[in-house]
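Kindly produce the complete structure, drawing on both the sequences and the hints.
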Amino acid sequence: DGGITQSPKYLFRKEGQNVTLSCEQNLNHDAMYWYRQDPGQGLRLIYYSQIVNDFQKGDIAEGYSVSREKKESFPLTVTSAQKNPTAFYLCASTPDRGSSPLHFGNGTRLTVT
Amino acid sequence: AQSVSQHNHHVILSEAASLELGCNYSYGGTVNLFWYVQYPGQHLQLLLKYFSGDPLVKGIKGFEAEFIKSKFSFNLRKPSVQWSDTAEYFCAVNAPGNTGKLIFGQGTTLQVKP
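The listed protein sequences derive, respectively, from chains A and B. Just so we're aligned, residue 22 is where the first sequence starts under my numbering, counting upward by one. Just so we're aligned, residue 4 is where the second sequence starts under my numbering, counting upward by one.
No lab work stands behind these hints: they were computed from the structure. Errors might be hidden in some of the hints.
Claimed, not checked - Label pairs and their in silico Cβ distance ranges: (1) A:Thr98 <-> B:Tyr42: 29 to 37 Å; (2) A:Lys104 <-> B:Asn11: 46 to 54 Å; (3) B:Pro58 <-> A:Lys104: 35 to 43 Å; (4) B:Tyr42 <-> A:Asp51: 25 to 33 Å; (5) B:Glu23 <-> A:Asn47: 36 to 44 Å; (6) B:Gln45 <-> A:Gly61: 34 to 42 Å; (7) A:Tyr31 <-> B:Ser21: 12 to 20 Å.
Just so you know, even glycine gets a beta-carbon here, dropped at the ideal spot from N, CA and C.
Shown next, in the form of structure tokens:
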């Protein structure tokens, strides 16, 4: 079955460490997104990518980095520069430039202590 | 700054009551509009979408939304809610120019009392 796989489901890190969240899709979608979901703040866009080897900053990109070396993969690195990294992170994809609904992964809950 | 605003953060209704959740966006030009729903413990899923044409769009589970261009609004409605509608609802907008930048509102938590 096609879908989006995010791993791991739960991730724990010490403050000051970088951590990479995985997102893989086998839907052959061109566009991929990273959002963070915090209570009362909805989904806030971190980064998005329309095609391989290209990506754009979202509204809260500071302290995060991404790569898009393969169509099916869009990993997100949470760096030590991110002031408040503990959150629920959602990866999504869509076949085109946002005119189709998003397909979401199950999410990764990152806790930094 | 460009944004999407949902006015109601937490709504509590009794079963059979009517529902209207507000959504306003600050973009000019042509936009694509969506409502997503997240039931407890589940993924976000699409309720309905508006791209063009009839500004009144119907979605799944009896939901509908009306696009009012002059008011930059895309309010979600349902004539009679059920307990199973208890969920969090998100409005989303695809920014002008079809850049693929999808922005979500803050979300509205709906609690329906049986």
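The hints, checked one at a time:
Our hint of 29 to 37 Å for A:Thr98 and B:Tyr42 holds, since their Cβ atoms are close to 31 Å apart. About 29 Å separates the C-beta atoms of A:Lys104 and B:Asn11, a value inconsistent with the hinted range of 46 to 54 Å. The hinted window of 35 to 43 Å between B:Pro58 and A:Lys104 holds, with their beta carbons roughly 41 Å apart. Separated by about 28 Å at the C-beta atoms, B:Tyr42 and A:Asp51 satisfy the suggested range of 25 to 33 Å.
The hinted range of 36 to 44 Å is satisfied by B:Glu23 and A:Asn47, whose Cβ atoms lie roughly 39 Å apart. At roughly 19 Å, the beta carbons of B:Gln45 and A:Gly61 sit outside the given window of 34 to 42 Å. The given range of 12 to 20 Å is broken by A:Tyr31 and B:Ser21, whose C-beta atoms sit roughly 39 Å from each other.
Hint compliance for this structure: hints 2, 6, 7 are not met, and every other hint is.
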